[in-house]
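Below are the chains, spelled out letter by letter.
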Amino acid sequence: MQPWFVEFAERIDDGDPFYLACEECGAAALPPRSVCPDCGTQTLEERSLSGTATVAASTTIFSSIPEYADDTPYTIVIATFDEGVRLTGQLRDVEEIDRGETVAVDVESRGEDAWLVTFAPTG
Amino acid sequence: MSVQIAGVASTPFGEHPGSSTRELFTDAALEALEDASLSPAAVEELYVGNFIGDLTDDQAHVGAMLADAIGAQQAASVRTESACASASSAVRSGVQALEAGDADVAVVGGVELMSASGLGEVTDALANAADNEYENEAGLTFPGIYALMAQAYLHEFDATQADLAAVAVKNYENGVSNPLAQRQEETTVERVLDSPPIATPLNLGDCCPITDGASAAVLVSDAFADEHGLETTVTFAGSGQSSDSLALQDRPDLARTRAAERAAEDAYERAGISADDVDVVELHDCFTIAEILAVESLGFFERGEGARGAVDGETAVGGRIPINTSGGLLAKGHPVGATGVAQLVEITKQLEGRHPNQIDDPSVGLTHTVGGSGASCVVNVLRTGGA
Ligand SMILES: [Zn+2]
Chain S
1 MQPWFVEFAE
11 RIDDGDPFYL
21 ACEECGAAAL
31 PPRSVCPDCG
41 TQTLEERSLS
51 GTATVAASTT
61 IFSSIPEYAD
71 DTPYTIVIAT
81 FDEGVRLTGQ
91 LRDVEEIDRG
101 ETVAVDVESR
111 GEDAWLVTFA
121 PTG
Chain R
1 MSVQIAGVAS
11 TPFGEHPGSS
21 TRELFTDAAL
31 EALEDASLSP
41 AAVEELYVGN
51 FIGDLTDDQA
61 HVGAMLADAI
71 GAQQAASVRT
81 ESACASASSA
91 VRSGVQALEA
101 GDADVAVVGG
111 VELMSASGLG
121 EVTDALANAA
131 DNEYENEAGL
141 TFPGIYALMA
151 QAYLHEFDAT
161 QADLAAVAVK
171 NYENGVSNPL
181 AQRQEETTVE
191 RVLDSPPIAT
201 PLNLGDCCPI
211 TDGASAAVLV
221 SDAFADEHGL
231 ETTVTFAGSG
241 QSSDSLALQD
251 RPDLARTRAA
261 ERAAEDAYER
271 AGISADDVDV
281 VELHDCFTIA
291 EILAVESLGF
301 FERGEGARGA
311 VDGETAVGGR
321 IPINTSGGLL
331 AKGHPVGATG
341 VAQLVEITKQ
351 LEGRHPNQID
361 DPSVGLTHTV
371 GGSGASCVVN
381 VLRTGGA
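Protein chains in written order, with full-length UniProt numbering: chain S, 1 to 123; chain R, 1 to 387.
Think of the hints as simulated: they come from the structure by calculation, not from any bench. Note that beta-carbon positions come from the ideal geometry of N, C-alpha and C, so glycine has one too. Just so you know, not all the hints are guaranteed correct.
[Stated by the list, open to error] Here are some, though not all, of the chain S residues that point toward chain R, as calculated from beta-carbon distances under 8 angstroms:
{"id": "1", "residue": "61"}
{"id": "2", "residue": "65"}
{"id": "3", "residue": "74"}
{"id": "4", "residue": "99"}
{"id": "5", "residue": "117"}
If we strip away everything but chain S, and leave its shape as in the complex, we get (with noise of 0.2 angstroms):
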């Protein structure tokens, strides 16, 4: 994986994940970016995000690519944290989550330099 995004991803589970705000227009963004995908401007800062999100999305995978054949079904969720940005990952703890609900992030380590996003409803 990229240093990048290994760096995101110990940073969650160092318990203090990152996101980027446009200091110009106020947007919010992921890694890597240098340039503010809204307003184009050069000014994204590093801010702390959240630990929980909402559920946006949902799907359940019964046919994956080989890294992941032996884990089917398994269900992939896109939640939309507070400060605006949305990430994607494996749920776990439940089968299936709906719309709306809450989740808190998470990563697991899937060999060296190599995470996995996961999300669990915090109810």
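Go by the hints and put chain R with the ligand onto chain S.
Leaving out everything else, chain R with the ligand in the frame of chain S:
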């Protein structure tokens, strides 16, 4: 100066065991050149779409390989890659070369050989169109990405899984009449709903098959057509291409394809038309939900109304705006790097009045091709006129 479509061809789509990228593309290109009454020696530019050949064939530098294979070593040759929109990018490059006056004859095409690789290997290769760190490494497959879009759409609007299935029913039916189509069987809403789940809410019947195939088109300048007495019927009218965030998670609305909206707006403006002027469409239905999102982005239906198209028959061969009369990617098949030109071949046949599912007297046709989950989109517009 306008660009004429002088000849088109596609190989049969499906499985071609024992064939190769070279052989399949050569079949399509030579048939298109014959259709144009031109020899490979006339080709000045070759643009060819190919998406996963590096992985399936261990072969890059596909442009030169195919110029050589078709007997056009004299041509400038380039492989274009915009994931599943690769061949539509090739069309744009060919048109631009002719419009710039750099050349008078271009072959544009695409080829993909997918069936020889295992399903896992192909799924892995196709996943390269998605964001590697944020999507693939999380275990999000390509059908999974479209499933997330489908779930968001079904939640946001008054549509059901059965409405998604209606797209498959229509396109499978169209494929039955198309001798080049991979799937030659009709289906029903019930059969799609009962087919094995791939990524909820999408079932196997909502997904396009794994396809081998190649397509090619010969583009010539007006001046060349006049000079050589080539009679053509179809003129290239305009094109648009746009981009979006690579990862689905970065798009503010999961059930909306902004690159397609921008590409369509640009193509309509360049062609001097609006959505209402379009008579026949080949669009990127890699999954049933993709057709619904596309008909909205292209302006044929209001947001949230796209699912009505197949359900109410408006997008059928005899409907208000016939969509995917070839069977689309769902039934015709989806050799990923060839699809954009395969669509252009079908639209050209419609405008020339020689399509197996011919509609009445069309004068404007459109192709819509998506790369990845919508991070690339190309819209090309053709019209009758010719030289
Ligand atoms: Zn900004």
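Hint-by-hint comparison with the structure:
no., hint, result
1, 61, "5 angstroms, holds"
2, 65, "5 angstroms, holds"
3, 74, "6 angstroms, holds"
4, 99, "6 angstroms, holds"
5, 117, "6 angstroms, holds"
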